[in-house]
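Undergrad: Below, each chain spelled out in residue letters.
2 protein chains.
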Amino acid sequence: MVEKYFWTNGARLLKLGTICERRFQEGGRMSSERPGMALQLRSLVKGSGELELSLVSIPVPVPGPDEVLIRVEATPINPSDLGLLFGAADMTTARQSGTAERPVVTATIPDALMKAMAGRVDRSMPVGNEGAGVVVAAGTSAEAQQLLGRTVAVVAGEMYSQYRCVKAAQCLPLPPDTTAAEGAACFVNPLTALGMVETMRREGHTALVHTAAASNLGQMLNRLCIEDQVGLVNVVRSEQQEQVLRDQGAKHVCNSGVPTFMRDLTEAIVATGATLAFDAIGGGALAGQILGCMETALMRKSGEYQRYGSTTHKQVYIYGMLDTGPTLLKRNFGAAWGVGGWLLMPFLQKVGPEATRQLQMRVVAELKTTFASHYTREVSLAEALQLGEIAVYGRRATGEKYLINPSRGQTG
Amino acid sequence: MVEKYFWTNGARLLKLGTICERRFQEGGRMSSERPGMALQLRSLVKGSGELELSLVSIPVPVPGPDEVLIRVEATPINPSDLGLLFGAADMTTARQSGTAERPVVTATIPDALMKAMAGRVDRSMPVGNEGAGVVVAAGTSAEAQQLLGRTVAVVAGEMYSQYRCVKAAQCLPLPPDTTAAEGAACFVNPLTALGMVETMRREGHTALVHTAAASNLGQMLNRLCIEDQVGLVNVVRSEQQEQVLRDQGAKHVCNSGVPTFMRDLTEAIVATGATLAFDAIGGGALAGQILGCMETALMRKSGEYQRYGSTTHKQVYIYGMLDTGPTLLKRNFGAAWGVGGWLLMPFLQKVGPEATRQLQMRVVAELKTTFASHYTREVSLAEALQLGEIAVYGRRATGEKYLINPSRGQTG
Chain G
32 MVEKYFWTNG ARLLKLGTIC ERRFQEGGRM SSERPGMALQ LRSLVKGSGE
82 LELSLVSIPV PVPGPDEVLI RVEATPINPS DLGLLFGAAD MTTARQSGTA
132 ERPVVTATIP DALMKAMAGR VDRSMPVGNE GAGVVVAAGT SAEAQQLLGR
182 TVAVVAGEMY SQYRCVKAAQ CLPLPPDTTA AEGAACFVNP LTALGMVETM
232 RREGHTALVH TAAASNLGQM LNRLCIEDQV GLVNVVRSEQ QEQVLRDQGA
282 KHVCNSGVPT FMRDLTEAIV ATGATLAFDA IGGGALAGQI LGCMETALMR
332 KSGEYQRYGS TTHKQVYIYG MLDTGPTLLK RNFGAAWGVG GWLLMPFLQK
382 VGPEATRQLQ MRVVAELKTT FASHYTREVS LAEALQLGEI AVYGRRATGE
432 KYLINPSRGQ TG
Chain E
32 MVEKYFWTNG ARLLKLGTIC ERRFQEGGRM SSERPGMALQ LRSLVKGSGE
82 LELSLVSIPV PVPGPDEVLI RVEATPINPS DLGLLFGAAD MTTARQSGTA
132 ERPVVTATIP DALMKAMAGR VDRSMPVGNE GAGVVVAAGT SAEAQQLLGR
182 TVAVVAGEMY SQYRCVKAAQ CLPLPPDTTA AEGAACFVNP LTALGMVETM
232 RREGHTALVH TAAASNLGQM LNRLCIEDQV GLVNVVRSEQ QEQVLRDQGA
282 KHVCNSGVPT FMRDLTEAIV ATGATLAFDA IGGGALAGQI LGCMETALMR
332 KSGEYQRYGS TTHKQVYIYG MLDTGPTLLK RNFGAAWGVG GWLLMPFLQK
382 VGPEATRQLQ MRVVAELKTT FASHYTREVS LAEALQLGEI AVYGRRATGE
432 KYLINPSRGQ TG
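Chain order of the listed sequences is G and E.
Add 31 to a position in the first sequence, counting from 1, and you land on the number used in my numbering.
Add 31 to a position in the second sequence, counting from 1, and you land on the number used in my numbering.
Bound-form chain G, shown alone (with noise of 0.2 Å):
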């Protein structure tokens, strides 16, 4: 019955049904799987200016009566995870240092950057969103006996380390037959492309557009919409990542690269009648011209002149930092706009936890189909830290993206 656990607000887990009788007579078991010390890797700011990233040796905890101990198998980096991780270091000068079993990475953060890094400086930070695993331990109580050996999904942070302990009820239990690595990503990128289209309802848009399209996130989001009957209006930045999203079914597929994209924006706008934009980039012209775009097609359809410009309200949510340079608006497209910044979190807190419950309860019914992710490359903590694969990952570009796998590799 542990199925009818699910995760909320980021920390808790709503129960939906009664537990089953079986767990009082397993109440007291314990693994024997809990090693001593096991790593961690750690993204530290030092006062001196400088990033240093590095696997740490701690002592694995001892779950409390409520508490089990999940020995981390998978773990993705996620574009949100690259901000605590590189903080706001210039990886281009990053160089390497310790063993190839203890790697150490450094590099050097801007002087000007420094300011915004002041409440982590000296504090040595454990870092990664979500992850999965298998409970290796499990204190007293009945919910957290429950889950002994079960593969587990949690959003708990510090997930980038060989074990984690949490409470019973922040573990979201996988169906049987899904892997640690296919429900390693189940909360962040699908409660996100779910939250976008759950704001788009309750603000009163009928379709969206998105930007960095065939990300990991879009391609979801793409299915998620088509599942769903939403127009979508897919912006990417080459021919490549066009073609991976028409091959999935996309309809509309703008490539910013090409000197028809507004032109192209402006129609797939017209067919959809998008007045809600999420944009991964950030910095630059786009969120602008999404607006313009926008209130070309609004003012199309209402043929006079308004002097204030369209009165329907157009809005673009930044979520993604892709280009941290800074956003451009030339603001030509009326009075009726607005931008503003957009997290998962905040939006699950606003709608509550009844709400984010049901997300939940559809990320995991279709966790194999519209919620799953596809890794380019599973890494072990020592790996992760090489600079080959920071050079990868730390691109953010599109179509990479890493799974780390903890449990490879040496023990701490």
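Just so you know, these hints were derived from the structure itself, not from any lab.
Given the structure is predicted, the values throughout are model-derived calculations rather than measurements.
Incorrect hints may have been included.
Unchecked claim - Coverage of chain E stretches by chain G, computed from C-beta distances (three or more under 8 Å per stretch; other residues unrestricted):
(1) 119-129
(2) 351-362
(3) 367-375
Glycine included, C-beta positions come from ideal geometry on N, C-alpha and C.
Chain E: place on chain G using the hints.
TA: Same frame as chain G, but now just chain E:
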């Protein structure tokens, strides 16, 4: 009892009280003052890429049963009028022709901006949002008749005219001791100032930042915030403007022209707790700087590192475009932020007729104090089209505020 009518939703009045029986006794009376022709200022964008401003002679309408004819005596040149007046023309190219009585001003519209003018090409457009004057003719309805001889204010558009025929229900009769000049600007600026404070309250903020704060509107907002004990950070661009506001009791005034501006602004935001700004500038870095200073202030209060920045929503509404260049957002202010357009009319539509009526009642009650407007110069329609005058009011310079008196000078 006519004072109990109030304008709402930009076009209609709410009837608050009963109508005097007297109205029936006066039914059918018609003033003798209704000339055959009168002047109206027009703005014409030609397909050739030229803007032409001129005075045209038009027949003075005969009021319908529920209409009145106003002899316009005072109509302000608000920043919100200049957009329609000048269109996208480059006014540094303006040249004069015609006569002193019938001046014509021609200016070039840059090719790149003609697209935005498409909706108004070759359509001669009247200008002037709001104004006041004397009702010199009235239709047969009681509502119209009882306004005869009264000084009334309207926000009806086309006010840069010697005569303006409107529905009686659109008129706001001014108290007997109030002149047309005093009542000419009793809609746009007063309701905008009130709308800003009301938006602050409705969206959960407790203090405000305002840019171009020494403007007529800014001084009004300053008086309103002092009266309502709302924290206000006034951002100005010169020492002289700073002094103007300090002389009027402003507590927080930050001069963007001095090197300590960002520090000053941050301290003022810390002191007031402002998380909402209204920005009349639009272009450049200022909107983003305000968000950055808000974020610094919030993070200082919270004291701990949050990877996505403060979770408190920070908002800037752009309601003017003193700088028509692009808005530049560095996004060094976390994820809980928004920038958007704000206009008076959509705001009034959102809050609805009853809330609008209450705001309007307050304006009338405080028309000679909180909501008083000050003008640097009064001109006739013909004088308003002299290059020398355009050079002054077209600058949108703080402290320069023009009032047109169409009843001065020649007739149509």
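Undergrad: Now look at each hint and say whether the structure bears it out.
TA: Hints, verified against the model:
no.	hint	verdict
1	119-129	violated (count 0)
2	351-362	holds (count 8)
3	367-375	holds (count 8)
Of the numbered hints stated above, the single one contradicted by the structure is hint 1.
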